[in-house]
Amino acid sequence: MKVIFKTSYDNDIDLHEDGWARGRIALLVVVMAALPFLVGEYYLAEAANTLIWSLAGMGLMVLVGHTGQASLGHAAFLAIGAYTDVALMNIGVPWIISFPLAGLATGLFGALVAIPAVRMSGIYLAIATLALFVIVEEMVILLEPITGGVGGLMAPSIEIFGVNFDRYTNLNNFYWLCLAVVVAVTWLYANLLRSPTGRSFLAVRDSEVSARALGINITRTRALAFGLSCGMTGLAGSLLGHYIAYFNYELFSVFISINLLLVVTIGGLGFIQGAFMGAILITAVPQLIAILRGTVNDLTGIDLSVLPGLDTLIFSAILIGFIIYEPAGLWGRWLKTRVWFQLFPLARRDMFRRQKSYLKTERQR
Amino acid sequence: MELIQLVIGGVASGCIYGLVALGFVLIYKATEGVNFAQGDMMMLGAFVALGLVNSDYGALAFVPGVILAAAIMGGVGYGIDRLVVRQIIGQPQFALVILTIALGFVLRFAAGTIWGFSPLVLETPFAGQHMEIAGIIIGYEDMVTIIVTALLTLLLWVFFGFTRIGLAAQAASQNQMAAYIVGVPVHRINSLIWGLSGVVSTIAGVLYASKGAIDPNIGLLGIKAFAAAVIGGFGSLPGALLGGILIGVVEPVAARYLPGGISQMSPYIIMLAVLVTRPNGLFAQIYAKKV
Chain A
1 MKVIFKTSYD NDIDLHEDGW ARGRIALLVV VMAALPFLVG EYYLAEAANT LIWSLAGMGL
61 MVLVGHTGQA SLGHAAFLAI GAYTDVALMN IGVPWIISFP LAGLATGLFG ALVAIPAVRM
121 SGIYLAIATL ALFVIVEEMV ILLEPITGGV GGLMAPSIEI FGVNFDRYTN LNNFYWLCLA
181 VVVAVTWLYA NLLRSPTGRS FLAVRDSEVS ARALGINITR TRALAFGLSC GMTGLAGSLL
241 GHYIAYFNYE LFSVFISINL LLVVTIGGLG FIQGAFMGAI LITAVPQLIA ILRGTVNDLT
301 GIDLSVLPGL DTLIFSAILI GFIIYEPAGL WGRWLKTRVW FQLFPLARRD MFRRQKSYLK
361 TERQR
Chain B
1 MELIQLVIGG VASGCIYGLV ALGFVLIYKA TEGVNFAQGD MMMLGAFVAL GLVNSDYGAL
61 AFVPGVILAA AIMGGVGYGI DRLVVRQIIG QPQFALVILT IALGFVLRFA AGTIWGFSPL
121 VLETPFAGQH MEIAGIIIGY EDMVTIIVTA LLTLLLWVFF GFTRIGLAAQ AASQNQMAAY
181 IVGVPVHRIN SLIWGLSGVV STIAGVLYAS KGAIDPNIGL LGIKAFAAAV IGGFGSLPGA
241 LLGGILIGVV EPVAARYLPG GISQMSPYII MLAVLVTRPN GLFAQIYAKK V
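As given, the protein sequences belong to chains A and B, one line each in that order. Take the first sequence: its letters are residues 1 to 365, numbered as in our numbering. Take the second sequence: its letters are residues 1 to 291, numbered as in our numbering.
Do not rely on the hints blindly, as some may be mistaken.
Quick look at which bits of chain B chain A covers, simulated, 3 or more residues with Cβ under 8 angstroms [stated by the list, open to error]:
1. 4–15
2. 96–102
A few chain B positions that, by computed beta-carbon distances, are all more than 12 angstroms from chain A [stated by the list, open to error]:
3. GLY58
4. PRO64
5. PHE126
6. ALA168
FYI, nobody ran anything at the bench for these hints, they're computed from the structure. Ideal Cβ positions, reconstructed from N, Cα and C, are used throughout, including at glycine.
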């Protein structure tokens, strides 16, 4: 196990532990950037999809993983991002302006909604966001001139300074664009977490009462977290719109919100890396199921496609398994495994045992 | 006259929302957790009853069939708590939210695999009959819904207020550790309440099925029932029922007199309005969180 020699207090909040960690991240970025030369078009499109999902996952992670607020309606913010971006592009705004504007608009909308919503806690907030989702879905259908209503609309292809980034004709460019956005947002997010603002998010999550005692304005912190989360999700939504190219309100169903929750919980609540792990899982599992289905059909002659909803069943089973046996998610599992290897003969079984807790009511008489 | 007709139909469908909401409130009162699979439990209850009663399947008489279905769903509810939910006791509420959402998908898959995804109709003895009072037509199924709901709410209120198990359940919800110390079998009480909520949701499902066809996706009605429970204030039985009736009445009235689209949004708009003005519902039980 490596011991890091710290020469100043500032080292405690360094973005990377040491040169090795920095090198690993740089290597990952380089490999990701070289991906168009390494894999075929099909896998590249899937990789772009995974990047978009991890962006949306990071959006929800700010809220659920780092501020401790639940949202069941994040598909609504994806929708707002996508529709704002396309609407702006349709009136002639170039993508390079409409994209940040879409994020900003979604973030502002989120923060506006958050001001009454943050007064609620836990379960109430989850339900309020669910209701918000239903309202946004209905609004999308009603606002037909902008959103195309039930028929849907076409996302125009992206062009920046004469370079085309269309998802079908220039997939490589589109992939690099997604990668650039995700890298930028991840870098900002990682830095946010070591700033006073990010630390106040964590404080609010861990104990509202102590956070308040330390002089943190709870309402403002929560509204800010909500706004940031929605903004990031809005950016993901606008990329998703371009990725799907032709979409209507059905793209942003309640299942998308639940899939996003799946991304953050299975990936690992409270870790940026978790959003990526979850996104990889959620885009890879349907492919694996399809392969499995083919194999089962070839080997035994049982046709699994007669069972619609098998995918959701498998997702649900994975989710239930993770909640019961590994609440820290995939990334948490990896951290535990790493510690086991680092300490090799000394790791003990109860090292990560969960603390026993019991429930006290929030209702007072 | 037209308005009265709409209101009566609204009260009847509101009773169904209210009953599903009662299922939430039961579990919330006893375990302080929210069961997002309640709508799907209602769906499964309706399908189990259909499987027992319809002539293509079990072909039992209506009342014994429904009672048997309620008993089976009580077992399902008990089992869900015993086998799955008990594993995460003491973890944050959010874990239970995600767990029950996933459970809802499992239940939907089970119903879809057994009964298929095409709409089916439950055979009831009172289908299609109605009576007329002073020019207002009341369907028998609406009458039955309203009466059964009123009785059930009364029974549950007595159960929580005056019986040993009901009081024990309230104690367990307020402080699990203290309840355990004074001898309340917290685990078993929780499982019993989940079973009871399964029974209530079966009754809601049967009443829902008496008004039209059912398919495995009717569980999404649960979202509306949530709105009902929130409007009433989670944790209040009569509140949940009143919230359900309010939503049930507003929906058809808004559909009739307001521009299109508002009607579908109305339950959620009311709910958000209630949440903003009275964050803990109209019949609040939460006062302030103490350290």
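Legend entry - Hint numbers contradicted by this structure: Of the numbered hints, just 1 does not hold.
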